[in-house]
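Chemist: For my numbering, count along the sequence shown from 1 and bump the result up by 2.
Label pairs and their computed distance ranges (CB to CB):
hint	residue 1	residue 2	range
1	Gly-26	Pro-155	33 to 41 Å
2	Asp-145	Ala-70	19 to 27 Å
3	Pro-135	Val-73	19 to 27 Å
4	Gly-23	Gly-119	35 to 43 Å
5	Gly-119	Asp-24	29 to 37 Å
6	Thr-30	Asp-96	35 to 43 Å
7	Gly-119	Arg-74	24 to 32 Å
8	Pro-155	Met-17	35 to 43 Å
Rather than coming from a laboratory, the hints here were simulated on the basis of the structure. Ideal Cβ positions, reconstructed from N, Cα and C, are used throughout, including at glycine.
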Amino acid sequence: MKRVYLIRHGEAEFMGRGARGDHGRVLTPEGVEQARHLGELLAEAGIGVVLASTADRAAQTASGMGLAAEVRLVEELYHAGAVGLLRALAGLDDAVDAAALVAHAPGVPALVDELAGDDPDPRAAAAALHHYPTAMASGIEFDGSWAELGVVPSRLFWAQRG
Numbered sequence: 003m004k005r006v007y008l009i010r011h012g013e014a015e016f017m018g019r020g021a022r023g024d025h026g027r028v029l030t031p032e033g034v035e036q037a038r039h040l041g042e043l044l045a046e047a048g049i050g051v052v053l054a055s056t057a058d059r060a061a062q063t064a065s066g067m068g069l070a071a072e073v074r075l076v077e078e079l080y081h082a083g084a085v086g087l088l089r090a091l092a093g094l095d096d097a098v099d100a101a102a103l104v105a106h107a108p109g110v111p112a113l114v115d116e117l118a119g120d121d122p123d124p125r126a127a128a129a130a131l132h133h134y135p136t137a138m139a140s141g142i143e144f145d146g147s148w149a150e151l152g153v154v155p156s157r158l159f160w161a162q163r164g
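Assemble the whole structure, with the sequences as input and the hints as a guide.
Modeler: Rendered as structure tokens:
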């Protein structure tokens, strides 16, 4: 059984700074706290790798969680839809049993909706399937390889906001 935690970045400032524009938006103090709290929630999840968008707010969320996992910044995750997010996850080594992905709306909530399955945990579904605020994290479990995620049955088993 593999698990992936799909995370929308923490609360970010409204406007980006300088030449980086939207890409350069950084976390607010609340967003920094949300990232820290997400790290507490996921500390025992066994996450081996965190894939994160190169946008400052996503990279800050990934590193701010403080997990004992490699953080990989992936340019393709910036503004990726569900298909792009799946493509990034498909490249993971199958020796990794649990991973996290930190990116943006609408891609993250769309992927959670797609992977929730026919029998999601009711509490997780109530938390994540109708509204996906910043710092929301959802856990998806499935049997198979990373390349099969989105093809094999999967299930939303957990969701909580940082």
